[in-house]
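S.K.: The listed protein sequences derive, respectively, from chains A and B. Taking our numbering, the leading residue of the first sequence gets 1, the next gets one more, and so forth. Taking our numbering, the leading residue of the second sequence gets 1, the next gets one more, and so forth.
Simulated from the structure, these hints should not be mistaken for lab results. One should not assume that every hint holds.
Identical chains share a label here; the pair holds if one copy fits it or two copies do between them.
Stated by the list, open to error - Derived SDA-like pairs (lysine to any residue); straight-line CA-CA distance at most 25 Å:
1) Lys297 to His162
2) Lys297 to Leu89
3) Lys297 to Arg9
4) Lys297 to Glu21
5) Lys297 to Ile146
6) Lys209 to Trp109
7) Lys209 to Leu176
8) Lys297 to Glu24
9) Lys209 to Arg296
10) Lys297 to Asn38
11) Lys297 to Pro159
12) Lys297 to Val45
13) Lys297 to Trp109
14) Lys209 to Glu64
15) Lys297 to Thr185
16) Lys297 to Val253
17) Lys209 to Ala17
18) Lys209 to Leu89
19) Lys209 to Thr72
20) Lys209 to Val156
21) Lys209 to Glu127
22) Lys209 to Gln145
23) Lys209 to Asp187
24) Lys297 to Leu215
25) Lys209 to Ile294
26) Lys209 to His102
There are 2 protein chains.
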Amino acid sequence: MPNFSEGRRVETVEGIAAAVESVEGALVLGTHVDPDHNRSVITFVAPPETVVEAALRAVARAAELIDLREHTGQHPRMGATDVLPFIPLQGVTVEECVGLAHEAGRRIWGELGIPVYFYESAALRPERANLADVRRGGFELLREQIATLPARAPDVGAPRLHESAGACVVGVRPLLVAYNVNLRTNDLGVARRIAARVRERGGGLPRLKALGFELASRGVVQVSMNLTSYAETNVHQAFEAVRAEAEALGVEVLSSEVVGLLPQDALGRAAAHFLRLENYSPDIVLENRIAAAIERKSRSGNRE
Amino acid sequence: MPNFSEGRRVETVEGIAAAVESVEGALVLGTHVDPDHNRSVITFVAPPETVVEAALRAVARAAELIDLREHTGQHPRMGATDVLPFIPLQGVTVEECVGLAHEAGRRIWGELGIPVYFYESAALRPERANLADVRRGGFELLREQIATLPARAPDVGAPRLHESAGACVVGVRPLLVAYNVNLRTNDLGVARRIAARVRERGGGLPRLKALGFELASRGVVQVSMNLTSYAETNVHQAFEAVRAEAEALGVEVLSSEVVGLLPQDALGRAAAHFLRLENYSPDIVLENRIAAAIERKSRSGNRE
């Protein structure tokens, strides 16, 4: 899910997406172009064999099309391809993904001359696990510090920014489900109090981050959540926790929404919870059985 | 989902399944072998282009391997391949499926000499819409009546049974979700009363059939349901209706179970209901977006 420092010229983002899809097996699932932050995200999937090549072509095209010296926007950034997170989906371990991220990092420096920092699971130094710490001060501050402060030297490459494309932060992070619950009140304090209680940091649910927001246009407030491991805390557990806290405050849950995509299994587990399904597993889903039969038949075909 | 009059010799069912999979694009999702009824079901999927050929090979292999004159079992049956229902899944209309069922019927008579009756959406006479009416008296009674009673003449073929393979009933029916809700009581009357209220025939939910059963081994009772259109009545609506009726009788819902397979979208809709999701659609499911991207890329590849 690479993030690029361009959110206004749509043709630039389309050009990068086309570079991704020029690689065998690489599929763009969606692009999110944000003119307010002048930033965009391209969501693509690819098998381990070609994902690094697809990422490289995206980073290369972004370096051709984006000049960070002319970029403005409130969101902190330090590269044309600002962040390049690899997210393990299926049939690949976090460790294998880290290997791919490191390979991508070496090639970004070697082939494109863009210095690279590794974050989250791909971090080589513990103080770089957190993206915000790596990116502090953005392109402009890093340009001043990269050569002189050893703490800011890149993980791969010489301690100097690419003139126009800056640096790139490459990492591995889990699939994240962004999930909001809306409350029938306009009292922001209520959303903030609930958020503080349900999130992991406040002793709530594991792997759940939460903040309270106002939805001014609708006159309601929202508990906005990120679930970084739906197997540990899924949408239904987040929903139930918010509902319980809201009820204790005499507030009703209005609705909820998923931002972006979520895995089929997250919805299946939620349905199973509410239906008290004894026998839920992804195996009872018709489409999964079809996919498994295709896989089985193609394997047996290959053996013959 | 063809039904075969053999539920004891597993190798016979495996032989038929192998005949299905010998056809390009045909995938066996599962086989259900029922020794009590001496009957089996093979669930397979195939594209419209090859599904008739796959069905033909199954019917031909069953005619080779099964001799109805030696078959015993309580379940009514009149053919080695007793029933051959086509079920539209994706990208195909009921009308197109009826065309495929009729083509299969013509070929079953023309190539195998087995007379064919059409039922449900494929029926050519309204009195044959209901499978039970077509199959009344089974192989033994039909053998006596087929030549002499015009009402029992086949829709395709001469009015005489295939000596060992009997006749075949070919039809088109919707995908059916089999769904049971278990109640924390051993009072069979409760399950029967609830079943009578929630089913369509009793003024309950559309496209829902329901019966009450005892689960003697567990000391509980069950409302056993068939949903013939999950888009009209889905599992969550069935669950909620049973729960409301049970609560009115002071009985608790223990659990529920899906028998066989159900479409991903049925679980998605159920999750969306309970979570009050504002923005549920199959498009928010990651796997569906991947499938759509594969489809889009392969189409654009074909254009080039």
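S.K.: Run every hint past the structure and note whether it holds.
M.R.: Cross-check of the supplied hints:
1. Lys297 to His162: This pair counts as neither: shortest intra-copy Cα distance 49 Å, inter-copy 33 Å.
2. Lys297 to Leu89: both (23 Å within a copy, 20 Å between copies)
3. Lys297 to Arg9: Classified as between: cross-chain Cα gap 24 Å, same-chain 45 Å, threshold 25 Å.
4. Lys297 to Glu21: Close across copies (8 Å), not inside one copy (27 Å); limit 25 Å.
5. Lys297 to Ile146: neither (54 Å within a copy, 41 Å between copies)
6. Lys209 to Trp109: Neither: 34 Å inside a chain and 64 Å across chains, both beyond 25 Å.
7. Lys209 to Leu176: Answer is within; shortest intra-copy Cα gap is 11 Å, inter-copy 40 Å.
8. Lys297 to Glu24: Both: 22 Å inside a copy, 10 Å across copies.
9. Lys209 to Arg296: neither (39 Å within a copy, 35 Å between copies)
10. Lys297 to Asn38: Neither. Shortest intra-copy (47 Å) and inter-copy (28 Å) distances fail the 25 Å Cα cut-off.
11. Lys297 to Pro159: Answer is neither: 52 Å inside a copy and 40 Å across each miss the 25 Å cutoff.
12. Lys297 to Val45: Answer is both: 24 Å inside a copy and 13 Å across each meet the 25 Å cutoff.
13. Lys297 to Trp109: neither (42 Å within a copy, 30 Å between copies)
14. Lys209 to Glu64: neither (36 Å within a copy, 63 Å between copies)
15. Lys297 to Thr185: So Lys297 and Thr185 fail the 25 Å test inside a copy (54 Å) and across (45 Å) alike.
16. Lys297 to Val253: Neither, since 47 Å and 41 Å both go past 25 Å.
17. Lys209 to Ala17: neither (30 Å within a copy, 49 Å between copies)
18. Lys209 to Leu89: within (21 Å within a copy, 39 Å between copies)
19. Lys209 to Thr72: neither (29 Å within a copy, 62 Å between copies)
20. Lys209 to Val156: Neither: 31 Å inside a chain and 65 Å across chains, both beyond 25 Å.
21. Lys209 to Glu127: within (21 Å within a copy, 61 Å between copies)
22. Lys209 to Gln145: Neither, since 32 Å and 72 Å both go past 25 Å.
23. Lys209 to Asp187: within (20 Å within a copy, 46 Å between copies)
24. Lys297 to Leu215: neither (50 Å within a copy, 38 Å between copies)
25. Lys209 to Ile294: Cα proximity of Lys209 and Ile294: none, with 38 Å in one copy and 33 Å across.
26. Lys209 to His102: neither (27 Å within a copy, 57 Å between copies)
Violation of the numbered hints given earlier is confined to hints 1, 5, 6, 9, 10, 11, 13, 14, 15, 16, 17, 19, 20, 22, 24, 25, 26; the remaining hints are satisfied by the structure.
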